[in-house]
Amino acid sequence: MSAGAGSDNLPWWATGLLLPVVNVTLALLVSALVIFAIGEDPVGALGTMLRGAVGTGEGLGYTLYYATSLIFTALAVAIAFHGGLFNIGGEGQAYIGGLGVGLVLLALPGWPWWAALPLSVLGGAAFGALWAAIPGWLQAYRGSHIVITTIMFNFIASSLMVYLMVNVLIKPGQMSPESEAFSASLFLPMMADMMAAIGVEMSSSPLNFSLFLALLACVGVWAFIWHTRWGFALRATGANENAALYAGIDPKRVIVITMALSGALAGLLGVNELHGVQHRLMLNFPAGLGFTGIAVALMGRNHPAGIIPAALLFGALYQGGTELVFDYPTISRELVVVIQGVVILFAGALEHMFRPALVRLFSRRPAVAASKPAGA
Amino acid sequence: MFLTLLSLLDSTVRLATPLLLAALAGFYSERAGVVDIGLEGKMLVAAFAAAATAAIHGSAWLGLGAGILASVMLALLHGFACITHKGNQVVSGVALNIVALGLTAVLGNAWFEMGGRTPNLPADARFGEVTLPLAEALRGVPLLGPLYYELISGHNILVYLALAIVPLTWWIAYRTRFGLRLRAVGENPAAVDTAGISVTKLRYQAVLIAGLLCGIAGAYLSTAQGAGFQTNMTAGKGFLALAALILGKWKPVPTLFACLLFAFADALQTRLQGVALPGIGEVPVQLIEALPYLLTVLLLAGFVGKATPPKASGRPYVKDR
Chain A
161 MSAGAGSDNL PWWATGLLLP VVNVTLALLV SALVIFAIGE DPVGALGTML
211 RGAVGTGEGL GYTLYYATSL IFTALAVAIA FHGGLFNIGG EGQAYIGGLG
261 VGLVLLALPG WPWWAALPLS VLGGAAFGAL WAAIPGWLQA YRGSHIVITT
311 IMFNFIASSL MVYLMVNVLI KPGQMSPESE AFSASLFLPM MADMMAAIGV
361 EMSSSPLNFS LFLALLACVG VWAFIWHTRW GFALRATGAN ENAALYAGID
411 PKRVIVITMA LSGALAGLLG VNELHGVQHR LMLNFPAGLG FTGIAVALMG
461 RNHPAGIIPA ALLFGALYQG GTELVFDYPT ISRELVVVIQ GVVILFAGAL
511 EHMFRPALVR LFSRRPAVAA SKPAGA
Chain B
3 MFLTLLSLLD STVRLATPLL LAALAGFYSE RAGVVDIGLE GKMLVAAFAA
53 AATAAIHGSA WLGLGAGILA SVMLALLHGF ACITHKGNQV VSGVALNIVA
103 LGLTAVLGNA WFEMGGRTPN LPADARFGEV TLPLAEALRG VPLLGPLYYE
153 LISGHNILVY LALAIVPLTW WIAYRTRFGL RLRAVGENPA AVDTAGISVT
203 KLRYQAVLIA GLLCGIAGAY LSTAQGAGFQ TNMTAGKGFL ALAALILGKW
253 KPVPTLFACL LFAFADALQT RLQGVALPGI GEVPVQLIEA LPYLLTVLLL
303 AGFVGKATPP KASGRPYVKD R
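Quick mapping for you: the protein sequence lines, in order, are chains A and B. Heads up: the first sequence at position 45 corresponds to 205 in our numbering, and the numbers run straight through without jumps. Heads up: the second sequence at position 105 corresponds to 107 in our numbering, and the numbers run straight through without jumps.
Source of the hints: derived by calculation from the structure; they are not laboratory data. Glycine included, every Cβ here is placed at the ideal spot set by N, Cα and C. Incorrect hints may have been included.
Unchecked claim - Straight-line alpha carbon distances no greater than 27 angstroms define the calculated DSSO-like cross-link-like pairs of lysine-lysine that follow:
| # | chain 1 | residue 1 | chain 2 | residue 2 |
| --- | --- | --- | --- | --- |
| 1 | B | K88 | B | K251 |
| 2 | B | K251 | B | K313 |
| 3 | B | K88 | B | K321 |
| 4 | B | K203 | B | K321 |
| 5 | B | K251 | A | K412 |
| 6 | B | K313 | A | K412 |
As the list claims (entries may be wrong) - Stretch-level coverage of chain A by chain B, calculated; a stretch enters the list once three of its residues show a Cβ under 8 angstroms from a Cβ in chain B:
| # | region |
| --- | --- |
| 7 | 224-234 |
| 8 | 252-262 |
| 9 | 306-312 |
| 10 | 316-328 |
| 11 | 450-462 |
| 12 | 482-493 |
| 13 | 501-511 |
Generate the whole structure from the sequences, applying the supplied hints.
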């Protein structure tokens with residue numbers, strides 16, 4: 161699905177920087193039209209979003225905290241993309257992954273956080289992997305459509321979690337469906353506290369140790385996809401299943417493994433949200449971040465180096481969107497959803513619309529430069 | 003028992019209608035070689051536009067018109083991305099679904115200030131029940147009377163319209179020149195192109211028909227079945243419709259039966275809640291609620307056999323040079 165630079169010899173910064181900037185600008189313009197249509201001032205609203213997202217230390221912390229979750233879900237989408245699979249089940253995989261994180265932490269009361277972290281990561285990854293591997297298996301061996309099955313698995317995950325939270329995991333004697341809190345020794349350190357320990361003052365926010373985990377995951381995914389034999393098999397299958405088969409790769413197996421890895425990455429969202437911030441199992445904690453991962457991956461061109469800035473941008477949109485709701489009662493949170501959709505449209509479906517224009521722009525310029533000395 | 007079964011079948015027909023309309027929309031689009039994941043989004047904008055218009059102007063028909071218009075606009079955007087610019091069809095569909103989800107919530111909240119809902123529609127701004135001729139008179143006839151009165155009569159006009167579109171679609175697809183070309187462009191666009199027929203034009207026509215049908219489906223949700231719009235009120239119906247289309251192997255009549263099956267699971271779902279089943283006991287509500295989705299997964303995995311989509315489906319047509 162058009163990963164990489166393509167064959168038209170655009171310089172890397174044109175595909176990697178210019179095109180995304182064009183796409184985001186267009187998405188913001190469309191959103192400005194929406195704000196205008198409901199009778200508010202688009203410039204003022206975008207200003208409020210910007211201030212809310214990066215204007216204060218607290219806002220910046222929230223932006224980074226959302227970006228952490230988005231890095232996980234976007235890496236999940238990206239790795240599947242490279243395997244030729246469109247995984248839109250990140251939301252459900254993150255949800256079930258969080259269940260794994262929660263179960264591990266509920267089982268380890270009193271453990272120090274650093275000893276529990278590897279196990280909670282493993283729990284989140286394993287549960288997410290399982291939830292994604294089933295649609296993967298169904299696609300590979302039964303010919304089900306991965307997009308439809310992963311969507312169905314989102315709905316099933318949601319029903320399953322409601323059942324578990326209401327009937328099994330709810331803290332006894334409590335009305336709202338939440339589990340008991342994890343014991344305080346398990347809480348991941350907050351970034352503000354870590355910084356304070358080394359003498360740096362930072363506003364308090366939900367930003368926590370998971371950010372390092374997310375960055376580590378970026379390096380891991382990059383190394384895996386481009387520098388391992390398995391990553392090669394994955395890309396080969398994604399590029400051409402038949403060719404992969406003749407190269408001695410079993411595409412069916414690769415599909416299941418790719419989906420499992422994708423789900424494992426999505427499942428890590430639970431580490432940031434539950435282990436890092438909520439400190440208990442609760443309903444609806446992925447809150448759409450699984451879907452936003454699609455937009456982040458597309459904007460980041462399915463490469464970790466692109467996903468990090470794209471996740472920052474969307475983290476800023478989330479945080480700015482929250483601020484917007486305070487200031488403009490007529491604008492609702494879902495404006496962020498509109499922006500996401502438009503980014504996916506421009507960066508994903510309409511990517512060929514601007515590419516030729518850019519190619520023309522770049523193929524002309526060297527020619528002009530070359531003709532100048534001749535003319536002079 | 004007979005009456006319980008009748009009312010179960012009656013709600014099956016009601017619940018199948020939006021699925022059927024959306025699945026037939028998918029039929030035209032996918033038969034022409036354009037994958038349509040965006041059925042959900044088109045239904046959603048249509049449901050919102052229909053309810054909003056009906057709430058303001060008090061007319062269900064105006065609502066239907068607005069719903070169709072909104073859905074067709076989205077369909078054109080899909081066509082622009084997939085046909086004109088040869089973009090990834092699945093990505094385009096997903097994008098439109100997300101835009102629709104956000105836009106209806108933002109506009110609904112701003113215009114009606116009811117947390118994304120539209121006001122409750124009064125009876126005359128909705129599509130009411132149509133009592134078929136002689137239904138009252140024949141009601142007393144044993145067996146056939148209730149069957150006619152409960153199951154066949156008493157639906158709104160859109161239900162009958164949806165059912166009529168099934169044979170119409172069959173006739174268009176298999177008995178008209180347009181249908182032949184439509185199916186051909188989904189299998190082998192190069193051949194159609196060689197015959198001097200515009201692939202682009204045919205695909206746009208198909209996508210527009212899909213927009214029209216999704217528009218009716220969405221308007222049905224908010225102005226016939228329901229009495230107003232709620233955020234994300236399609237709740238996966240577009241994907242169930244797509245699954246029904248696959249289950250029906252991209253053929254209109256089998257697709258109708260697949261829709262009826264999903265709708266039956268849905269109708270059963272509301273009735274099973276809180277009921278203790280013999281030998282099993284009470285089944286958790288959440289399991290019952292997940293029934294249509296589980297059924298979709300199981301059917302797609304187990305019973306379709308090898309589902310063969312139209313050959314050119316999902317591939318933009320690029321002329322060889």
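Cross-check of the supplied hints:
For the hint linking B:K88 to B:K251, the alpha-carbon distance of about 25 angstroms falls within 27 angstroms, and the restraint holds. For a cut-off of 27 angstroms, the pair hint linking B:K251 to B:K313 stands: about 13 angstroms separates their Cα positions. Pair hint B:K88 plus B:K321 holds up; C-alpha atoms about 12 angstroms apart against a cutoff of 27 angstroms. Under the criterion of a C-alpha separation no larger than 27 angstroms, the hint pairing B:K203 with B:K321 is consistent with the structure, at around 14 angstroms.
With a C-alpha separation of about 23 angstroms, the suggested pair B:K251 and A:K412 falls inside the 27 angstroms cut-off, and the hint holds. A hinted pair counts as satisfied when its Cα atoms are at most 27 angstroms apart, and B:K313 with A:K412 qualifies at roughly 21 angstroms. Coverage of the region 224-234 of chain A by chain B is violated. Counting CB-CB distances below 8 angstroms, 0 residues qualify, and the rule asks for three or more. Coverage of a stretch by a chain is defined here by at least three residues with a beta carbon nearer than 8 angstroms to that chain's beta carbons; for the region 252-262 of chain A and chain B the count is 0, and the condition is violated.
Against chain B, the region 306-312 of chain A contributes 5 residues with a C-beta closer than 8 angstroms to a partner C-beta. That satisfies the three-residue criterion, and the hint holds. Coverage of the region 316-328 of chain A by chain B holds in this model, with 7 residues showing a Cβ closer than 8 angstroms to a Cβ of that chain against a need of three. Given as covered by chain B, the region 450-462 of chain A passes the check, having 4 residues with a CB less than 8 angstroms from a CB of that chain where 3 are the minimum. For the region 482-493 of chain A, the stated coverage by chain B is satisfied: 3 residues place a CB nearer than 8 angstroms to a CB of that chain, which reaches the threshold of 3.
Residue count for the region 501-511 of chain A with a Cβ under 8 angstroms from a Cβ of chain B: 8. That meets the three needed, and the coverage hint holds.
Violated hints, in rising order: 7 and 8; the structure is consistent with all others.
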